[in-house]
Amino acid sequence: MSDIAIQVEHLGKQYKLGGRQAGNLTFRESMVETIKTPLRWIKGQRQAQQTTFWALDDVSFEVRQGEAVGIIGRNGAGKSTLLKILSRITKPTRGRVDIYGRVGSLLEVGTGFHPELSGRENIYLNGAILGMSRTEIIQKFDEIVDFAEVDKFLDTPVKFYSSGMYVRLAFAVAAHLDPEILVVDEVLAVGDAEFQRKCLGKMSAVAQQGRTVIFVSHNMGAIESLCQKCILLKNGSIAANGNIEDVVNAYLSSSKQEVTTPVSLRTDRHGTGRLFFEDIKIEDGKIRDRSLRVDLTIQNQCKQEFKNVILSIVLLDHLGRPLSNLVNYIIDKPIFVGADGAKIKITMNNINLVPGIYGVSPFLSSDTQNGEIFDWVSWAARFEIPDYDYYHKGHIPYIKGDTIYMDYDYEIF
Amino acid sequence: MQQTGSKVNGAPLNHLVIEPPKGWAPLELKELWRSRELLLFLTWRDVKVRYKQTALGAAWAILQPVLTMVIFSIIFGGLAKLPSNGIPYPIFTYTALLPWQLFAFALTNSSNSLVGSQNLISKVYFPRLIIPLSSVLAGVIDFLVAFAVLLVLMAYYSIGLTPAALLLPFFILLALVSAMAAGLWLSALNVQYRDIRYVVPFLTQFWMYATPIAYSSELIPLKWRWLYSLNPMTGVVEGFRWAILGKSSLDIYSLAISTVVVVAIFVGGLYYFKRMEAGFADII
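Top to bottom, those sequences are chains R and P. According to our numbering, the stretch in the first sequence is residues 1156 to 1568, in order. According to our numbering, the stretch in the second sequence is residues 405 to 688, in order.
Heads up, a few of these hints could be off.
To be verified - Calculated cross-link-like contacts (lysine to aspartate or glutamate; reagent style EDC-like; alpha-carbon spacing at most 16 Å):
| # | chain 1 | residue 1 | chain 2 | residue 2 |
| --- | --- | --- | --- | --- |
| 1 | P | Lys456 | R | Glu1222 |
| 2 | R | Lys1246 | P | Glu423 |
| 3 | R | Lys1384 | R | Glu1271 |
Said to hold, decoys possible - Covered, in the sense of this in silico footprint (three residues per stretch, anywhere, with C-beta under 8 Å from a C-beta of chain R), are these stretches of chain P:
| # | stretch |
| --- | --- |
| 4 | 418-426 |
| 5 | 450-463 |
| 6 | 606-615 |
| 7 | 636-647 |
| 8 | 675-688 |
By construction, these hints were calculated from the structure, which means they are not laboratory data. Beta carbons are placed, not taken as given, at the ideal position from N, Cα and C, and that holds for glycine.
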């Protein structure tokens, strides 16, 4: 007797791109195509060329009952396609899925909401669409209204709701779905921080009740707090499958592969190149003293000299999001680039970033009217801040979900 | 609905297998039955929204057949003087307009029903058959309203019901099944070929004149009667007339042919729809 909730075997999904495909054709065009086909066959050509791509390719995994599994990966990795197949919205091209239990899917909030209908009517409609029976909806009606905090507006058409109310109501209905298996796709991306916390809380409660949860998100913090297991999808295949920490680390390290290329060999850069970055090195010897140095070498392709260029190092987090812009002129450090280039050392002090992977993108431009960009390389180098005792209290501070360390104090009366 | 903890007491969990589609798909009528509440909800939604949005609301359900009856009576009854089986022309044509309007409503609304619900289809699963079916069922309300007007007309013309009226439910059902049959084909075809919905208004016009609404099928020469009966609405309309008014030019052959055609189109439509269903979310 197995306690498997979901068994996926060699799942594949192929999409056809471009060319003439169903849905783009009009009836007239399709008639013409049909007539053309015998001609083409006689001429020896195959059917009109179509590119295909495999959104999912030989994916196999299993989920036991009661597990909360996160699915992560870059955009286009196949996460949504996988969820759509599990939710029976689309069929696979290959492979097989066995599901034991009822599946409730949240791929979007407010599916089926109609603006002309009132909040009350939409609760019934949306609930039915999601798969609840009428009796179930009646039973849970009050809970839903409480969760959404819209009881004064129940009989107003939803088109008059604020976007916040709309989303709260939509999620409230979906949150009271009681399936054995819950499949959720990034619905937490909508709404304000308060709402997101409420949603995450509700989902944790659901997971703790022993239901199986499949959760797709880009929010590593949410994934880590909700799930025990995680699957990493990359270009349609499983790149990692295991416990949360391992998989999330695999994701973070794989997403920064251009790191290994020395900046002089990088071809994917922007700018005229009249001045360019030949070398970039990060000296992290003093990292435990919260200090870091970036050594840059700039080369000059032209015969002329450049007074007052603008140099900036953009500091990025592990997901490539900009954290800080270290520009020379803000701190009154004019740069002059002669015929044989320049060497610049940039020191960062009192770093209060949490341990993790970071990158730098150097940027060079002229400060003349035209603002010519000389060179700009995205993620030219990376560095890692190791665990360290920021507060000097003899232990490593707990940093789950944090971005920076703050100097703070308490006064207790 | 299902409770949790079924793993503990060994009660079997719902086992679902998801596999690539293979040609003709099974109808899965049991699943459709289980989703009957959703069918009613969607129908209710369509009706409610329609009545909220139009200024005329329920009045439209009356105005349309009545105005058509008036125009037909003037032009075909009065000016062209088409024979109407000895029955006053207005009610002769109104009885036919009733099932016809249900059918025409279905043609128009169902053809775009799937494409119009693309946000539902791409985000939630439920048996897709519900969508065209609910768009057709929404027309039943209009039908009932227009039927009430028919009763008024019958009182006005002092026409009593005959025992033939007992068969009325059969003809109503036949009308409904014809409407659904058309709906299934058109909605599925429209997903693939988006110009279908532009063909529908023309198709509806043409079909109306091919059906004995403004005239009696007596006008059709006997040797062509069989061809004429291939139009499923012929049997429906003449049958309706016969059930309500007691006389029409209905003959059993005609009716039999029409019924067989309706059932064939309906069942064919179900299978065609289910076969295409797997691909809807991908191309919609």
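Hints and how they fare:
no., hint, verdict
1, Lys456/P / Glu1222/R, "46 Å, violated"
2, Lys1246/R / Glu423/P, "7 Å, holds"
3, Lys1384/R / Glu1271/R, "42 Å, violated"
4, 418-426, "holds (count 8)"
5, 450-463, "holds (count 4)"
6, 606-615, "violated (count 0)"
7, 636-647, "violated (count 0)"
8, 675-688, "holds (count 6)"
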